[in-house]
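*Asks:* The primary structure of each chain is shown beneath.
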Amino acid sequence: MEILESGIGEIIQPFDLDEFREWNRTRKSRKLTDKLMTEQEAIREFVYDGCYIGTELYGTVRCPMSLAREVVRQGFKDLRVCGQGVLELDLWLAAGIVKKLDITYIGLEVYGIPPSLRRAVESGQVETCVEWSNASISWRMKAAAMGVPFLPTRSMLGTDMLKYSAAKVVEDPFTGIKVALLPALILDVALIHVHRADKHGNCQIEGISGFALEMARACKRLIISAEEIIPTEEIRKYPDRTMIPYYLVDAVVHAPYGSHPGEMAYLYGRDEPGIKEWVEMSKTAEGAQEYLDKYVLGLKDHEAYLQLIGKQRLQECVELREKRE
Amino acid sequence: MEILESGIGEIIQPFDLDEFREWNRTRKSRKLTDKLMTEQEAIREFVYDGCYIGTELYGTVRCPMSLAREVVRQGFKDLRVCGQGVLELDLWLAAGIVKKLDITYIGLEVYGIPPSLRRAVESGQVETCVEWSNASISWRMKAAAMGVPFLPTRSMLGTDMLKYSAAKVVEDPFTGIKVALLPALILDVALIHVHRADKHGNCQIEGISGFALEMARACKRLIISAEEIIPTEEIRKYPDRTMIPYYLVDAVVHAPYGSHPGEMAYLYGRDEPGIKEWVEMSKTAEGAQEYLDKYVLGLKDHEAYLQLIGKQRLQECVELREKRE
Amino acid sequence: MSEEYSKTELMICVAARLFEDGTTCFIGTGIPMLAAMLASKTTAPNLVPVFEFGGTGAILEELPRAVGEARTFHKGISALGICDTMETAQRGFIDYGFLGGAQIDPYGNLNSVTIGDHDHPKARLPGSGGGNDVGSHCWQTIAIMQHDARRFVPRVDFLTTPGFLTGPGAREAAGLPPGTGPIAVVSTLALMDYEPETCRMRLKSLHPSVTVDEVKANTGFELVIPAQVGKNEPPSAEELRLLREEIDPTRFYI
Amino acid sequence: MSEEYSKTELMICVAARLFEDGTTCFIGTGIPMLAAMLASKTTAPNLVPVFEFGGTGAILEELPRAVGEARTFHKGISALGICDTMETAQRGFIDYGFLGGAQIDPYGNLNSVTIGDHDHPKARLPGSGGGNDVGSHCWQTIAIMQHDARRFVPRVDFLTTPGFLTGPGAREAAGLPPGTGPIAVVSTLALMDYEPETCRMRLKSLHPSVTVDEVKANTGFELVIPAQVGKNEPPSAEELRLLREEIDPTRFYI
Numbered sequence: 001m002e003i004l005e006s007g008i009g010e011i012i013q014p015f016d017l018d019e020f021r022e023w024n025r026t027r028k029s030r031k032l033t034d035k036l037m038t039e040q041e042a043i044r045e046f047v048y049d050g051c052y053i054g055t056e057l058y059g060t061v062r063c064p065m066s067l068a069r070e071v072v073r074q075g076f077k078d079l080r081v082c083g084q085g086v087l088e089l090d091l092w093l094a095a096g097i098v099k100k101l102d103i104t105y106i107g108l109e110v111y112g113i114p115p116s117l118r119r120a121v122e123s124g125q126v127e128t129c130v131e132w133s134n135a136s137i138s139w140r141m142k143a144a145a146m147g148v149p150f151l152p153t154r155s156m157l158g159t160d161m162l163k164y165s166a167a168k169v170v171e172d173p174f175t176g177i178k179v180a181l182l183p184a185l186i187l188d189v190a191l192i193h194v195h196r197a198d199k200h201g202n203c204q205i206e207g208i209s210g211f212a213l214e215m216a217r218a219c220k221r222l223i224i225s226a227e228e229i230i231p232t233e234e235i236r237k238y239p240d241r242t243m244i245p246y247y248l249v250d251a252v253v254h255a256p257y258g259s260h261p262g263e264m265a266y267l268y269g270r271d272e273p274g275i276k277e278w279v280e281m282s283k284t285a286e287g288a289q290e291y292l293d294k295y296v297l298g299l300k301d302h303e304a305y306l307q308l309i310g311k312q313r314l315q316e317c318v319e320l321r322e323k324r325e
Numbered sequence: 001m002e003i004l005e006s007g008i009g010e011i012i013q014p015f016d017l018d019e020f021r022e023w024n025r026t027r028k029s030r031k032l033t034d035k036l037m038t039e040q041e042a043i044r045e046f047v048y049d050g051c052y053i054g055t056e057l058y059g060t061v062r063c064p065m066s067l068a069r070e071v072v073r074q075g076f077k078d079l080r081v082c083g084q085g086v087l088e089l090d091l092w093l094a095a096g097i098v099k100k101l102d103i104t105y106i107g108l109e110v111y112g113i114p115p116s117l118r119r120a121v122e123s124g125q126v127e128t129c130v131e132w133s134n135a136s137i138s139w140r141m142k143a144a145a146m147g148v149p150f151l152p153t154r155s156m157l158g159t160d161m162l163k164y165s166a167a168k169v170v171e172d173p174f175t176g177i178k179v180a181l182l183p184a185l186i187l188d189v190a191l192i193h194v195h196r197a198d199k200h201g202n203c204q205i206e207g208i209s210g211f212a213l214e215m216a217r218a219c220k221r222l223i224i225s226a227e228e229i230i231p232t233e234e235i236r237k238y239p240d241r242t243m244i245p246y247y248l249v250d251a252v253v254h255a256p257y258g259s260h261p262g263e264m265a266y267l268y269g270r271d272e273p274g275i276k277e278w279v280e281m282s283k284t285a286e287g288a289q290e291y292l293d294k295y296v297l298g299l300k301d302h303e304a305y306l307q308l309i310g311k312q313r314l315q316e317c318v319e320l321r322e323k324r325e
Numbered sequence: 001m002s003e004e005y006s007k008t009e010l011m012i013c014v015a016a017r018l019f020e021d022g023t024t025c026f027i028g029t030g031i032p033m034l035a036a037m038l039a040s041k042t043t044a045p046n047l048v049p050v051f052e053f054g055g056t057g058a059i060l061e062e063l064p065r066a067v068g069e070a071r072t073f074h075k076g077i078s079a080l081g082i083c084d085t086m087e088t089a090q091r092g093f094i095d096y097g098f099l100g101g102a103q104i105d106p107y108g109n110l111n112s113v114t115i116g117d118h119d120h121p122k123a124r125l126p127g128s129g130g131g132n133d134v135g136s137h138c139w140q141t142i143a144i145m146q147h148d149a150r151r152f153v154p155r156v157d158f159l160t161t162p163g164f165l166t167g168p169g170a171r172e173a174a175g176l177p178p179g180t181g182p183i184a185v186v187s188t189l190a191l192m193d194y195e196p197e198t199c200r201m202r203l204k205s206l207h208p209s210v211t212v213d214e215v216k217a218n219t220g221f222e223l224v225i226p227a228q229v230g231k232n233e234p235p236s237a238e239e240l241r242l243l244r245e246e247i248d249p250t251r252f253y254i
Numbered sequence: 001m002s003e004e005y006s007k008t009e010l011m012i013c014v015a016a017r018l019f020e021d022g023t024t025c026f027i028g029t030g031i032p033m034l035a036a037m038l039a040s041k042t043t044a045p046n047l048v049p050v051f052e053f054g055g056t057g058a059i060l061e062e063l064p065r066a067v068g069e070a071r072t073f074h075k076g077i078s079a080l081g082i083c084d085t086m087e088t089a090q091r092g093f094i095d096y097g098f099l100g101g102a103q104i105d106p107y108g109n110l111n112s113v114t115i116g117d118h119d120h121p122k123a124r125l126p127g128s129g130g131g132n133d134v135g136s137h138c139w140q141t142i143a144i145m146q147h148d149a150r151r152f153v154p155r156v157d158f159l160t161t162p163g164f165l166t167g168p169g170a171r172e173a174a175g176l177p178p179g180t181g182p183i184a185v186v187s188t189l190a191l192m193d194y195e196p197e198t199c200r201m202r203l204k205s206l207h208p209s210v211t212v213d214e215v216k217a218n219t220g221f222e223l224v225i226p227a228q229v230g231k232n233e234p235p236s237a238e239e240l241r242l243l244r245e246e247i248d249p250t251r252f253y254i
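Chains as they are written, first to last, in my numbering: chain H, 1 to 325; chain R, 1 to 325; chain U, 1 to 254; chain L, 1 to 254.
Extracted from the complex, chain H is given alone in its bound form (with noise of 0.2 Å):
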């Protein structure tokens, strides 16, 4: 089974299984404690400069946003990124905190290239960009998240994506197949908003799940934002409802609207012209500047944040919400 190709990118973060292991073993309560803090707390506690970081689902859906804003907020620097972004990692880029990433898709979706990628990269701030696809970067995450240190796939193969990765080519001994092998990933810090959690950590999550399981079970520290805070009658109630067991879990932070601009599937839909002030002001680095001082820098928390998008807003977003029926 010799490698009959290797990807010359960087393996931007190095894994051990086996110190995986010992964090799981040493640094992870099985005792089910109090994990609730407010963001600043959660974040201040967790993140640190040149960590390795993610954000799940992604700037639109179900995303931390509060979180990330709040990692704005705190100044961290040379942070190590996977995405799978838009507004979330943008705003990083345009922060200028991100060093090395781990690249799948950066865009503003339809409004397509995001002026905050194209200047980080080009002028060479963003130092490296080692290329994945969407599923390849989760496929990572799924091979940490079950133990292994890689996983093999059929992506990539033949193309630039592979030569720019850290994926290595080999033959399957079974089929004689070739296959591309996905070294794990395994994040310092992990960052996922969902629908409910209880004060442990035991997480619910309603519509797709995107890579929220994966990305839980592949990272060191996991900060879960909630929308509410349920009591843990309600996860017991509902066992097999739980997608993240609370011991995956370190901080719970509750932030309502913690997606918004983005969605949050049958609570509220996006905030359009919210998005689009974001579009709109990134084109030019004092526009994103004047963005992260208006909504980010120049505020206190998420509340503050809340108050400034005000309720009416939020509430039309909540009439815009994707219902059951």
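I should point out that these hints are in silico values taken from the structure, not numbers from a laboratory. If you're wondering where the values come from, they're calculated on a predicted model, not measured in any experiment.
Think about it this way: if two alpha-carbon atoms lie no more than 27 Å apart in a straight line, the pair counts; the simulated DSSO-like pairs of lysine-lysine are:
| hint | chain 1 | residue 1 | chain 2 | residue 2 |
| --- | --- | --- | --- | --- |
| 1 | R | Lys-237 | U | Lys-75 |
| 2 | R | Lys-31 | R | Lys-220 |
| 3 | L | Lys-7 | R | Lys-276 |
| 4 | H | Lys-99 | H | Lys-300 |
| 5 | R | Lys-178 | H | Lys-178 |
| 6 | U | Lys-41 | H | Lys-323 |
| 7 | R | Lys-178 | R | Lys-163 |
| 8 | H | Lys-323 | U | Lys-75 |
| 9 | H | Lys-28 | R | Lys-178 |
| 10 | H | Lys-99 | H | Lys-283 |
Covered stretches of chain H (chain R as the covering partner; in silico rule of three or more C-beta atoms under 8 Å from a C-beta of chain R):
| hint | region |
| --- | --- |
| 11 | 10-20 |
| 12 | 151-158 |
| 13 | 175-185 |
| 14 | 206-217 |
| 15 | 233-245 |
All C-beta atoms in this analysis are idealised placements derived from N, C-alpha and C, irrespective of residue type, glycine included.
Since chain H is already given, all that's left is putting chains R, U and L on it; use the hints.
*Replies:* Only chains R, U and L this time, still in chain H's reference frame:
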């Protein structure tokens, strides 16, 4: 990435991912057709002599017992089976229809080693036993479900399990640790019992999911039996509860109490006397045959089986069900 | 005689007519969403839309603006995660995929990563996203492109999403699943397919009032020009009504 | 002065006392279930029981009779599937695992596959089940055994579940996760642990009225006998009351 060790076990079910892809392309309709059938119709249409077949979950828990009994009733032979099984596979072994086994565990749980297994294997009637752990067989299905030729694991290393399996040990090219590569398992036929399904085969399961998601995605022919047939509107109202989408499914059988004498979470508890009856009667070949005559061969179908069990005993099982509280 | 319509509306209609009823199809943001909705309201009522982050079989009553938003699983068959969706594609269950990019080459290879050198790019683009996966695992893919010589290039700067790679047999040699590959390009000027023997892009049919020379002039490589070049029907009044009144009444895209 | 009790009740109590509070533990069918329930009602109220088919953190109000039944996720923290549970173990989240088998050797290796030759066995046993996985991934494992010379053998006929394999360093050399391995055996006669230097089974403490010679006579290999051999407390009246009245009132197991 050389092969450090190879199990001497046979790959009882050789696989070809490209052929599987072609099958999924040409033999699995994307249309929402009516797949409702009786046990007889479904088993007759999709099971065949010598096929590689599996059941989920196992004998006393959410097990497709009505389908398993029908397989015996129709007198197929030379089945190749993966198990993980209790009553269902024990019945098949007693009926002498199993030729080869990818065996993980076939036992009577608290009641110990199944005499039927001993008779079938020690007599040589079962020609081949290839050994796998419970996790390994599930991961083999997961590999097929992912569309990849293998998955790595740290199970089975250093033991006779590895030696008598068909796994291969390699050194991980990223970190240098040893891992066992488990070959994908693509079943010819899978039988899965669920709580609710619509006529197209969209399935909802409550409680633990066992390995239903993996098996449903790792087979060429999938027969679903369901406690309840629900309208597709119910499925579409809760798309996040669909564990098995219709396009994987070939037949849907309405089978109330389909897991009896096993349990069905939140619907009915297990029928201990019913289980003990098999435990007692299967101690001798004659007794096992007597049981088969009484509960399987001597009965026309599942409805006749339920009549034999009787409303009162079934009601007693319902009263023993797990409740959400 | 059809009324006035925009290039975008025309592309949507031409793309929509390519959908085959009763098939599964990966839908990306933008034109594919409108085309899928139009198709499901016209020629492909049994189309099964698949969105990469988990939504499958949605009833597209309202136009999705993102591949993860709730509209992608509205009254859907299932709402799972990206791994399940992509593994479903890897198992061969997804028939079609729509793709886009900043560059396309004669073999249908697409670039959405960088213009210029990867490590010192003239322009950084969003990245593969699910594009590479869709191009690797779906049975057939269709590209939607602005048609000009800067986008239709002899060689893409960064091969992000596999078309036929270097030509006949190249996909299989690379390990990509046999029988997969690009089948069409819908551009602002015409509809292209691929010449079976060479796997090179071939002009199939022209949009109304577009000439072969115009297409050649806007293509940065030698396009295969068959003896017979067809003409694409302009949007019908009904197609335009559906697009403007039912599918995108707020004119979010069109 | 404690009242009458059965060998099984004694084993359950000795096993229950080994549970560490606030830890995760793989629970198999039989004695481990009773021991886990007893522990959670006495010394380990914060024990997190894990059952291989998906139940985690259940409140064990009624005695499970199978590792998949609803009682294994009664008021549980989560009810997922076997892959998630086993992957959680592979990631290092499961502290303890209880194991059983037909044979055990001096290094704590267990056999539950065949007696005699694998391909022509004298006796076919159920198979590994989750045993091999639990023995591979859990940090520490505890075996529950009938104590006689046919079961405590120099070499198991089929090495199903890894103990220390051939001795010090052997698990790591085989690729099993560092720092894992067996820590104890609860038998019908005594409690054993392992000598750190040799990884060989060592007598730790005797059940009431059992002698060292009796243990030796019933062990098919040379057991390490330390200078000090302890004594296991008989079941307390409270332990027996819990077992008989609360945990297994129908005497399903005991």
